[in-house]
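K.L.:
Sequence order for the protein chains is A and B. Note that the working numbering gives residue 44 to position 44 of the first sequence, counting from 1, and the numbers run on in steps of one. Note that the working numbering gives residue 706 to position 516 of the second sequence, counting from 1, and the numbers run on in steps of one.
There's no promise every hint is true.
In silico PhoX-like pairs for lysine-lysine, Cα to Cα no more than 25 Å straight-line [unchecked claim]:
(1) B:K459 / A:K187
(2) B:K470 / A:K160
(3) B:K775 / A:K187
(4) B:K868 / A:K98
(5) A:K27 / B:K775
(6) B:K787 / A:K27
(7) B:K868 / B:K1056
(8) B:K449 / A:K102
(9) A:K27 / B:K201
(10) A:K139 / B:K470
(11) A:K44 / A:K118
(12) B:K221 / B:K201
(13) A:K52 / A:K187
(14) B:K201 / A:K187
(15) B:K221 / B:K449
(16) B:K787 / A:K118
(17) A:K187 / B:K449
(18) B:K660 / A:K139
(19) B:K686 / B:K703
(20) B:K787 / A:K32
(21) A:K118 / B:K459
Now the stretches of chain A that chain B is said to cover, found in silico as 3 or more residues with beta-carbon under 8 Å [to be verified]:
(22) 7-16
(23) 99-111
(24) 128-136
(25) 145-158
(26) 166-173
(27) 182-189
Since the hints were derived computationally from the structure, they do not count as laboratory data. If you're wondering where the values come from, they're calculated on a predicted model, not measured in any experiment. Virtual Cβ for every residue (Gly too), placed ideally from N, Cα, C.
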Amino acid sequence: MSKSSLTLEAVSPLFGYAHDFGTVQVKELVGKALVSIAKPLGIKTGLRTAIKKNLGVEWPEIGSSNTSKKGYQLLGMQSDMIFAFFDHPGGLADTILKTSLKENAYCTDQSDAWVMIKVSGAGVYAALERICPLNLSGKAFEIGTVARTNMEHLGVIILKETENSFILMGATSSADDLLHAITVSVKHTQ
Amino acid sequence: MAQEYRITDGKISKEKALNFSFNGTSYQGHKGDTLASALLANGVKLIGRSFKYHRPRGVFSCGSEEPNALVTLNSGARTEPNTRATTIELYEGLEAHSQNHMGSLKNDLLAFNDLLSPFLSAGFYYKTFMWPAAFWEKLYEPIIRNAAGLGALSGQEDPDSYDKGFLHCDILVIGSGPSGLIAALTAGRAGASVIVADEDFLLGGRLHMEQMEIGGVSSSEWAVRAVAELSSMPNVRIMPRTTIYGAYDHGIFGALERKTDHQKSGNGKPRQVLWRIYSKCSVLAAGATERSIAFGNNDRPGIMMAGAVRAYANRFDVGVGKKVAIYTNNDDGWRTANDLSDKGIDIVAIIDTRDDVTMTTPEGIKTYKATNVVDTKGRHALSSITLSNGETLEVDCLAVSGGWSSNVHLTCHQRGKPEWNADIASFVPGGTLPTGMVVAGAANGSMTLASGLKSGRDVTHGLLGDLGIKVINKPLPKAEDEASSSALFWHVAESKNRAWIDLQNDVTAKDVKQSHLEGFRSVEHLKRYTTLGMATDQGKTSNMLGLAVMAEASNKSIAETGTTMFRPPYTPVPIGAFAGRSRGKEFRPTRKTPSHKWAKENGAVFVEVGNWLRAQWYPKANETHWRESVDREVLATRNSVGVCDVTTLGKIDVQGRDAAEFLNKVYANAFGKLGVGKVRYGLMLREDGIAMDDGTAARMSETHFVVTTTTANAVNVYRHMEFCRQCLWPEMDVSLISTTEQWAQFAVAGPNARKLLQKIVDKQHDISNEAFPFMACGEISVCGGTPARLFRISFSGELAYEIAVPTRYGNSMMATLMNEGKEFDCVAYGTEALGVMRIEKGHAAGNELCGTTTARDLGLGRMVSKKKDSIGNILSEREYLNRAEGLNLVGFKPVNKAHELKAGAHFVAKGNEATMGNDEGWMTSVCYSPNLGYSIGLGFINSGNQRIGETVTAADPLRDHTIDVEIVSPHFIDPEGERLRV
Chain A
1 MSKSSLTLEA VSPLFGYAHD FGTVQVKELV GKALVSIAKP LGIKTGLRTA IKKNLGVEWP
61 EIGSSNTSKK GYQLLGMQSD MIFAFFDHPG GLADTILKTS LKENAYCTDQ SDAWVMIKVS
121 GAGVYAALER ICPLNLSGKA FEIGTVARTN MEHLGVIILK ETENSFILMG ATSSADDLLH
181 AITVSVKHTQ
Chain B
191 MAQEYRITDG KISKEKALNF SFNGTSYQGH KGDTLASALL ANGVKLIGRS FKYHRPRGVF
251 SCGSEEPNAL VTLNSGARTE PNTRATTIEL YEGLEAHSQN HMGSLKNDLL AFNDLLSPFL
311 SAGFYYKTFM WPAAFWEKLY EPIIRNAAGL GALSGQEDPD SYDKGFLHCD ILVIGSGPSG
371 LIAALTAGRA GASVIVADED FLLGGRLHME QMEIGGVSSS EWAVRAVAEL SSMPNVRIMP
431 RTTIYGAYDH GIFGALERKT DHQKSGNGKP RQVLWRIYSK CSVLAAGATE RSIAFGNNDR
491 PGIMMAGAVR AYANRFDVGV GKKVAIYTNN DDGWRTANDL SDKGIDIVAI IDTRDDVTMT
551 TPEGIKTYKA TNVVDTKGRH ALSSITLSNG ETLEVDCLAV SGGWSSNVHL TCHQRGKPEW
611 NADIASFVPG GTLPTGMVVA GAANGSMTLA SGLKSGRDVT HGLLGDLGIK VINKPLPKAE
671 DEASSSALFW HVAESKNRAW IDLQNDVTAK DVKQSHLEGF RSVEHLKRYT TLGMATDQGK
731 TSNMLGLAVM AEASNKSIAE TGTTMFRPPY TPVPIGAFAG RSRGKEFRPT RKTPSHKWAK
791 ENGAVFVEVG NWLRAQWYPK ANETHWRESV DREVLATRNS VGVCDVTTLG KIDVQGRDAA
851 EFLNKVYANA FGKLGVGKVR YGLMLREDGI AMDDGTAARM SETHFVVTTT TANAVNVYRH
911 MEFCRQCLWP EMDVSLISTT EQWAQFAVAG PNARKLLQKI VDKQHDISNE AFPFMACGEI
971 SVCGGTPARL FRISFSGELA YEIAVPTRYG NSMMATLMNE GKEFDCVAYG TEALGVMRIE
1031 KGHAAGNELC GTTTARDLGL GRMVSKKKDS IGNILSEREY LNRAEGLNLV GFKPVNKAHE
1091 LKAGAHFVAK GNEATMGNDE GWMTSVCYSP NLGYSIGLGF INSGNQRIGE TVTAADPLRD
1151 HTIDVEIVSP HFIDPEGERL RV
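Take the sequences, apply the hints, and build the full model.
P.N.:
Next comes the structure, spelled out in structure tokens:
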């Protein structure tokens, strides 16, 4: 067998899980990229300008997110680092941003480090209040808000997509446990 | 048995009967009943036996304060002891049993304890059973524990499930009596986010238990309307069956919601949910608890709190007696007489301790003023009472009211000290309350209806103002204040017989006085000495009485005597609820490696390494012992090639203009001049000079390093580096982020490792020894363009690489490597073979990096560069750490090669006794080396480097395994490192 005849199969942490529980739908998001963008020390406006110019979006405040028409959603994670969340079917997602942001940013691909689970539906609040310590309601957690938290001892990034839809990101290695935590919550509250 | 004590035409719907059993006898009750009300409706008065003396006891109250009517619910694994019949919501098929008796409930053999009561007073076990000393633990204590107690656990695993959750609100209203409901309405109407929680299944509290009016309708009807209005508000969450059991820091409350306890089956849903409620502020409207009066034999079934007797009549349609007497020191007791009389129940007499009573009663009821009950009679239930005037009255129920105590418990959970209010004869909230808490209604001393409503509204207005929420002014519904004067009267001095204070713990007035006599005069000491106020009720009906008697005995005021500190939980919380889902495998998360699926499909035996689940070895069908598998994996790897998933090692991306200098400071050895495309082994020290972790740092570009850590220290090292970056050297341009989960990494080791990889790596990447030598690294692609990273590093001591691909390809990568490796008889190897090979090579790992050893001890002293500063550098120079006779990491082999080495054995010089004084070091890691054919080990021993060839004793007295071992080089295989570089 020649080298070029080999291919590696990509599988997502939950193998594309999707289930409709009635009032809540749980679905693994695949084909999404997550790239950290860190601000080099001493570069005051370069990164913001580069992001605005290349990604078409403003640098987000901590806890909020900004979305561009180009499809980039920037998540404000901390003062000197944000995450870019965008559609990307495969390959190293950080190379795209490294190319456009150049020396203005330190980019690291995190797409494979995080399992991404969309939890949506009318019963989403009842389900998530069993595992999420944050107040996800109304003004306390508006659409586009993002936060780090923990659920059942798992570190989680939670992003409010729409009023009844959240994206939960957790460590790939414990994807099964995060899914289990979510689905148990849903079943307990159906 | 018919419900002969059921009053008709009341609030309980009689349409459908609910069947239940108590001690195997079937009864019927109705929806809305508690187990207690249903039993009372059926004339069941004897519910259980008391804690110590096995006295007959019946229902005493109608709420969570119940000290007597403790029953065991269900049977088998679902057995739940010590539940209060007064709070158990009746359901079809409920099964309850009495507890703490030998033989039947009526004929309890242990009732003879009551005859021994002169010898069993408070603290008797501190003074008796002293000889022989050995008998205490083996004989006396088991007998005493068996004779005294509450219910028994099943000993089986709890089949029910529990859950936890988090809630948030502007205002948490605790309690749904008049002040709680008006507070919730006031806050809800203003638009605040409100949670109103009540331990009862019916919201309204005393409003359902009284015959009062609010706004022109009955108080019960007003409560129903208020709850309906609250239910219609989207900003209000109503939580019945929910006990706020603790007030914690920053407005956080613990709450237990009983989800399915009122059903025969939970249908797979959790029976209880433990909530953490984050509130901006809270209204404590927990009401008040009625207390008793201590008089002779005041514990017989049929003697109950007057308010409870009234509640059973008004709310539950139960007349608890046919001939009822009232004994009271306050006006409230008279209301019981009035309400019962309205229901047609025969009131034999009202006995009031006071002389100056202005209350009126329905015609025909005999009243005794300035009179006390001094004794009672009735073996299993009350039959008569004797008054202080010598008169005996035949009654089957005595309703007692000694006044009301504000439920201040939650105000004390952060050490707020209640203050005595003599006007209402109650402690009221005092000192510093929990953050954001205000107290309303009876809990704050507003004991009457109109004042309670006003109090609830006013405090809520204040909170809304604090929150910046506009108040919607609405007049209070019309209500009147009932008469509520009370006397400070606690116990009947002329009673000759035992006067019970704490019914749950069998504590009498005499016990309290004895405690005082013996010097236990602080209320906290009183509690410990007598057990007053302990157990499931925490003295809700008895504390006040006990400390009043203590105050009298010590000739102090009640204010001076004080009260014990109330601590969470307010009522018992099952351990299962605290555990929630965290049971069994759900106790903590599991991390799986990228090739977990492949490993599972190929029969791997897994081991838990921290949270990680790693393949330990891969047994073949013909292998019957784990050693066969591990030996095979080791030999195959050393002879050809093996693959191991090493993703669990920590990986940290270090980027920045100062990345190299940053690593120079973090690592003990130098990194400043490491070339791009090169890897270096690195050793980190703690600030005190002790070895912290080891790993590698690969320079991917001028500004980009990939650092690896041990699996165990991945988080610690990352945290340490972040501390260094943010706190020690914020001026450095460095960015860190974990990539442990981003990359699936595999060790490919063995003489044929390169040949195997050459089949995988895309051909434009030259990985020959010349182009990609030992300690090289680079970004490559594999299998037709999949991005990858390749590191030529070796933990096994063989020609080896670590190859990383994005995690999504990890499982496929493992399968591909194994498939392509068939021509080399490639094996997958697990952590055991990994461990064997690193011991054979003499590499330190977690067992050696144990938090007490230094670079010098590990034989890595020369790595601590003195040409630069780094964390731990200076303190590693401490004289003691560098003494000549200090520990050295060396190898060990058994003198008799048939012997097995044991990790943990301690070394003593040959001929010396195995004592602490002779201890010279210890064995850290051992394995059977299939290459050498005998057991080998690594360990630390004093001056080990100078003692190569010496025989010492490896003593393992715990496992009775003491053998002679020879000190050897730690490098059992390829000491010159030639295999690495081919």
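K.L.:
With reference to the structure, classify each hint as holding or not holding.
P.N.:
Quick rundown of the hints versus the structure:
In summary, the hint linking K459 (chain B) to K187 (chain A) is supported, as the alpha carbons are separated by about 8 Å, within the 25 Å threshold. This hinted pair checks out: K470 (chain B) and K160 (chain A) have alpha carbons roughly 23 Å apart, not beyond 25 Å. For the hint pairing K775 (chain B) with K187 (chain A), the CA-to-CA distance comes to about 19 Å; that is within 25 Å, so the pair holds. For the suggested pair K868 (chain B) and K98 (chain A), the alpha carbons sit about 22 Å apart, so the restraint of at most 25 Å is met.
With a C-alpha separation of about 24 Å, the suggested pairing of K27 (chain A) with K775 (chain B) holds against the 25 Å cut-off. Restraint check: the Cα-Cα separation between K787 (chain B) and K27 (chain A) comes to about 21 Å, which is no more than 25 Å; the hinted pair holds. Of the supplied pair hints, the one linking K868 (chain B) and K1056 (chain B) holds, its CA atoms being roughly 22 Å apart against a limit of 25 Å. Annotation: proposed proximity of K449 (chain B) to K102 (chain A) is violated, straight-line Cα distance about 56 Å (limit 25 Å).
Annotation: proposed proximity of K27 (chain A) to K201 (chain B) is violated, straight-line Cα distance about 49 Å (limit 25 Å). The hinted pair formed by K139 (chain A) and K470 (chain B) meets the criterion: a straight-line CA distance of about 15 Å does not exceed 25 Å. Proposed proximity of K44 (chain A) and K118 (chain A) is contradicted: the alpha carbons are some 35 Å apart, above 25 Å. A hinted pair counts as satisfied when its Cα atoms are at most 25 Å apart, and K221 (chain B) with K201 (chain B) qualifies at roughly 10 Å.
Taking the CA atoms of K52 (chain A) and K187 (chain A), the gap is near 43 Å; set against the 25 Å cutoff, the hint is violated. Distance check on the hinted pair: K201 (chain B) and K187 (chain A) sit about 36 Å apart at the alpha-carbon level, beyond 25 Å; violated. Only pairs whose Cα atoms come within 25 Å are accepted, and K221 (chain B) paired with K449 (chain B) is accepted, the gap being roughly 17 Å. Taken as a hint, the K787 (chain B) and K118 (chain A) pair is honoured in the structure, with Cα atoms around 24 Å apart against an allowance of 25 Å.
Taking the CA atoms of K187 (chain A) and K449 (chain B), the gap is near 14 Å; set against the 25 Å cutoff, the hint holds. Taken as a hint, the K660 (chain B) and K139 (chain A) pair is honoured in the structure, with Cα atoms around 17 Å apart against an allowance of 25 Å. Under the criterion of a C-alpha separation no larger than 25 Å, the hint pairing K686 (chain B) with K703 (chain B) is consistent with the structure, at around 15 Å. Distance hint between K787 (chain B) and K32 (chain A) is fulfilled; the C-alpha atoms sit about 22 Å from each other, no more than 25 Å.
For the hint linking K118 (chain A) to K459 (chain B), the alpha-carbon distance of about 23 Å falls within 25 Å, and the restraint holds. With 7 residues carrying a beta carbon less than 8 Å from a beta carbon of chain B, the region 7-16 of chain A meets the three-residue requirement, and the given coverage holds. Given as covered by chain B, the region 99-111 of chain A passes the check, having 5 residues with a CB less than 8 Å from a CB of that chain where 3 are the minimum. For the region 128-136 of chain A, the stated coverage by chain B is satisfied: 7 residues place a CB nearer than 8 Å to a CB of that chain, which reaches the threshold of 3.
For the region 145-158 of chain A, the stated coverage by chain B is satisfied: 3 residues place a CB nearer than 8 Å to a CB of that chain, which reaches the threshold of 3. With a threshold of 8 Å between beta carbons, the proposed coverage of the region 166-173 of chain A by chain B holds, since 3 of its residues qualify and at least three are required. Only when three residues or more bring their CB closer than 8 Å to a CB of chain B does the claim for the region 182-189 of chain A stand; here the count is 4, and the claim holds.
Consistency note: the structure conflicts with the earlier hints numbered 8, 9, 11, 13 and 14.
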